[in-house]
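For reference, the chains in residue letters:
Protein chains: 2
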Amino acid sequence: MEFNNVTIIGGGTLGSQIGFMSAFHNKNVTIWGRSDQSIDRTKARIDRWETAVRIDLNATDEQIKNAEKHLQYTTDLKDALAGADLVIEALPENVATKDEFYDQFKELADSNTILVTNTSTFLPSQFAEATGRPDKFLAYHFANEIWKFNTAEIMPQSKTDSALPAALKQYSQEIGMIPVMINQEQPGYILNSLLVPFLNNALILWSKGIASPEDIDNTWTIGTGAPSGPFRIMDTVGMKTIYEITHNSSDPDLQVAAEKVKTMIDAGKIGRESGEGFYKYN
Amino acid sequence: MEFNNVTIIGGGTLGSQIGFMSAFHNKNVTIWGRSDQSIDRTKARIDRWETAVRIDLNATDEQIKNAEKHLQYTTDLKDALAGADLVIEALPENVATKDEFYDQFKELADSNTILVTNTSTFLPSQFAEATGRPDKFLAYHFANEIWKFNTAEIMPQSKTDSALPAALKQYSQEIGMIPVMINQEQPGYILNSLLVPFLNNALILWSKGIASPEDIDNTWTIGTGAPSGPFRIMDTVGMKTIYEITHNSSDPDLQVAAEKVKTMIDAGKIGRESGEGFYKYN
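One line per chain: the protein sequences are A and B, in this order.
For the first sequence, the UniProt record's numbering begins at 1 and goes up steadily by one.
For the second sequence, the UniProt record's numbering begins at 1 and goes up steadily by one.
A hint or two may mislead.
Claimed, not checked - Only pairs whose alpha carbons sit at most 25 Å apart, straight line, appear in this in silico SDA-like list of lysine to any residue: (1) Lys262/B / Leu199/B; (2) Lys208/A / Lys208/B; (3) Lys169/A / Ile204/B; (4) Lys208/A / Leu123/B; (5) Lys208/B / Asp161/A.
Calculated from the structure, these hints are not laboratory results.
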């Protein structure tokens, strides 16, 4: 199974990055957007990724031109799906939005087209039936700035054809990614399964007044050689996301910590992007 | 409060490193050992640390000589304690051994001598009364290869004089350490409070067959920029320690994982030092 004609549903941050890197590696890519305005925004994002890969990957003019040549845009879903080997759904994390697309996909897509979702918060089993082809459906998850943080997490659900993960593994390698094979459904995939509890534990140490963000980060970076400790990572992730993933916790210590994060957000300390979170930035 | 005359009780791996780095920074250090044989072993260790700091810190002959000039050894506990500003207990992690020392310390030490313990597994409150001076006692924890992994975790118990942590902070800086101030007793200090659950979560992902050690490590190193993922860290820590800290867990998933670690140990895969753990080493 080889994927050469690839359609991306949704040209947001991740959708546009996946489309761009696929085109960069000679795949014929069509990005579907809801409106001309959303296509314009996608094109502006692609401009930014072009600049980024010039810096981060030393990409040449020729490579950039080649990527552009392999990219098409459309607002017509039927056109977008026609002849696609692989469709990558990268819509917002909203069940209704995704279900609405899967309904149309079921009607419009070729019967042999493979469908994957880039969802970060849902499990693929939740949508498998809605796609109309659970055997040809799995989750395929990328991290922001995929040319640099180049893991591609490949996670089937129970009805996925057993040959499909290997086909996605090959595709990942073809577009410059390091495939991560996840053998069973795992909420949060691998990265968030490790990162979220790690950040939560650090947050509780701080919230309980056991040690300062700086001292906790120093301990981690010196002890493990990591470039950033948990509080610097949280400043990059942003306080709003940290609040989102903590405030409904059943752990009372984490609930208290979430309220302290809320106080920071209310004071405008929402992380690196606002110039202040646990640390100050210039 | 300034500490210039420092006595180390026990010249094992950490005791000899703390003594050596204190002497390296012009502190007058006495290392107490139980017997002439243990003093000999301590001196052999100090030779190794001298070689290591020549490599890791570019230490000069003059600096090494200066450190040696500041080091004394004795098997006489009364002599060791006489005139000490600061006594650092670095005995094996055995309650009876530590209690036996604290009993003698109570009799022999000057009344104004400060006492700290380098225990990694106990809380200082457990020994505070036994020392006879709970207000002058706290935990002071170093990581192996202290010249490189140079955090010094400073953790008081409820009866510690509130001025004492700051004095240890200053001492830490004087001997080239990054002090980590822990405001309340915390089992495992900071590093193990973060590292142990992190390693446990990774172990469970592997044990449940969700992903391979290599794929999990790739996800972590690419996603966070860390030099090592959890399985490479566990290979360095050693499987025996991993088994020790997991097999009594109340989490059934972790118990299953611990049994798989036991199988590895039984097969001789005890980590980096045996040439194989989760990875093979040459």
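Outcome of the hint check:
1. Lys262/B / Leu199/B: holds, 16 Å
2. Lys208/A / Lys208/B: Status violated; Cα separation ~33 Å.
3. Lys169/A / Ile204/B: holds, 23 Å
4. Lys208/A / Leu123/B: Answer holds: lysine 208/A to leucine 123/B is near 18 Å, not above 25 Å.
5. Lys208/B / Asp161/A: The hint holds at about 21 Å.
This entry does not satisfy hint 2, going by the numbered hints stated previously; all others are met.
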